[in-house]
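Number of protein chains: 2
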Amino acid sequence: MENINILFGRRIKELRLRQNISQEELGFRCQLSKNYVSDVERGRRNVSIKVVEKFAAGLRVPVYYLFKWHDGDESVHL
Amino acid sequence: MENINILFGRRIKELRLRQNISQEELGFRCQLSKNYVSDVERGRRNVSIKVVEKFAAGLRVPVYYLFKWHDGDESVHL
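Residue numbers (our numbering), protein chains in the order written: chain A, 1 to 78; chain B, 101 to 178.
Just chain A, same shape as in the assembly (with noise of 0.2 Å):
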């Protein structure tokens, strides 16, 4: 499996680019700098879940759907 902190960045990267907005505005939505969004999109940051939920609030999405990054996982219920 590939670095968590890679996965999420692309994730992150993904939901921003599909509501057309840039590292700025999330940032700004986030109450994060422009960098920092750029380093999490790299992979370059292991965030705590605190700001895991900033970036939720910021893309408009439930927690979880920030770790939805494999269709296949949809179909695990315990």
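To be clear, the hints were calculated from the coordinates, so they are not data collected in a lab. Since the model is a prediction, treat every value here as computed from it, not as a measurement. For every residue, glycine included, the Cβ atom is placed at its ideal position computed from N, Cα and C. Treat the hints with caution; some may be incorrect.
Stated by the list, open to error - Straight-line distance between alpha carbons at most 27 Å, and here's what the computed DSSO-like set of lysine-lysine pairs gives:
| no. | chain 1 | residue 1 | chain 2 | residue 2 |
| --- | --- | --- | --- | --- |
| 1 | B | Lys134 | A | Lys50 |
| 2 | B | Lys150 | A | Lys54 |
| 3 | B | Lys150 | A | Lys34 |
| 4 | B | Lys113 | A | Lys68 |
| 5 | A | Lys68 | B | Lys150 |
| 6 | A | Lys50 | B | Lys113 |
| 7 | B | Lys154 | A | Lys13 |
| 8 | B | Lys168 | B | Lys154 |
| 9 | A | Lys13 | A | Lys54 |
| 10 | B | Lys168 | A | Lys68 |
| 11 | B | Lys168 | B | Lys134 |
| 12 | A | Lys54 | B | Lys154 |
| 13 | A | Lys34 | A | Lys13 |
| 14 | B | Lys168 | A | Lys50 |
| 15 | A | Lys50 | B | Lys154 |
| 16 | A | Lys50 | B | Lys150 |
| 17 | B | Lys150 | A | Lys13 |
| 18 | B | Lys154 | A | Lys68 |
| 19 | B | Lys113 | A | Lys54 |
| 20 | A | Lys13 | B | Lys168 |
| 21 | A | Lys54 | B | Lys168 |
Unchecked claim - Computed, partial: chain A to chain B, Cβ under 10 Å:
| no. | residue |
| --- | --- |
| 22 | Asn5 |
| 23 | Phe8 |
| 24 | Ser48 |
| 25 | Ile49 |
| 26 | Lys50 |
| 27 | Val51 |
| 28 | Glu53 |
| 29 | Ala56 |
| 30 | Pro62 |
| 31 | Tyr64 |
| 32 | Leu66 |
| 33 | Trp69 |
Dock chain B against chain A, hints included.
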């Protein structure tokens, strides 16, 4: 919305109890101490996503599943 650390901790505990394993056993599986697991379950730690990944591996669920605390969230698709 409740503090994400509280929600996350409650979810970890819920999934752990559903598998009938102790905090010690979960700690062993995740390579974390029993005390650390206990702190997380009480919402006293702001864990990083690397640690989130350890919990997912220890509980044998996909990462996103640890954040699925509201069934209502499932309807969100962008």
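Verification of the hints:
1. Lys134/B / Lys50/A: holds (23 Å)
2. Lys150/B / Lys54/A: At roughly 17 Å apart (the allowed maximum being 27 Å), Lys54/A and Lys150/B satisfy the hint.
3. Lys150/B / Lys34/A: Cα-Cα ~23 Å, so holds.
4. Lys113/B / Lys68/A: With Cα atoms ~22 Å apart, Lys113/B and Lys68/A stay inside 27 Å; holds.
5. Lys68/A / Lys150/B: Holds. Lys68/A to Lys150/B sits at ~16 Å (cutoff 27 Å).
6. Lys50/A / Lys113/B: OK: Lys50/A and Lys113/B at ~19 Å, within 27 Å.
7. Lys154/B / Lys13/A: Holds. Lys154/B to Lys13/A sits at ~24 Å (cutoff 27 Å).
8. Lys168/B / Lys154/B: Since the Cα atoms of Lys168/B and Lys154/B sit roughly 17 Å apart, the hinted pair holds (cutoff 27 Å).
9. Lys13/A / Lys54/A: holds (14 Å)
10. Lys168/B / Lys68/A: holds (11 Å)
11. Lys168/B / Lys134/B: Satisfied, since the Cα-Cα distance of roughly 24 Å is no more than 27 Å.
12. Lys54/A / Lys154/B: Holds - the C-alpha atoms of Lys154/B and Lys54/A are around 22 Å apart, at most 27 Å.
13. Lys34/A / Lys13/A: holds (13 Å)
14. Lys168/B / Lys50/A: holds (16 Å)
15. Lys50/A / Lys154/B: holds (17 Å)
16. Lys50/A / Lys150/B: holds (14 Å)
17. Lys150/B / Lys13/A: This hinted pair holds, its Cα atoms lying about 19 Å apart.
18. Lys154/B / Lys68/A: holds (17 Å)
19. Lys113/B / Lys54/A: holds (24 Å)
20. Lys13/A / Lys168/B: holds (22 Å)
21. Lys54/A / Lys168/B: Given that 27 Å is the threshold and the Cα spacing comes to 17 Å, the pair holds.
22. Asn5: holds (7 Å)
23. Phe8: Status holds, d = 6 Å.
24. Ser48: holds (5 Å)
25. Ile49: Holds - the Cβ of Ile49/A comes within 10 Å of chain B, reaching about 5 Å at its closest.
26. Lys50: Given a least distance of 5 Å, the restraint on Lys50/A holds.
27. Val51: holds (9 Å)
28. Glu53: This hint holds: Glu53/A lies near chain B, its Cβ roughly 5 Å from the closest one there, short of 10 Å.
29. Ala56: holds (9 Å)
30. Pro62: OK, holds: Pro62/A within 10 Å of chain B, min 4 Å.
31. Tyr64: holds (4 Å)
32. Leu66: For Leu66/A, the interface hint holds, since the closest Cβ of chain B sits about 8 Å away, which is under 10 Å.
33. Trp69: holds (8 Å)
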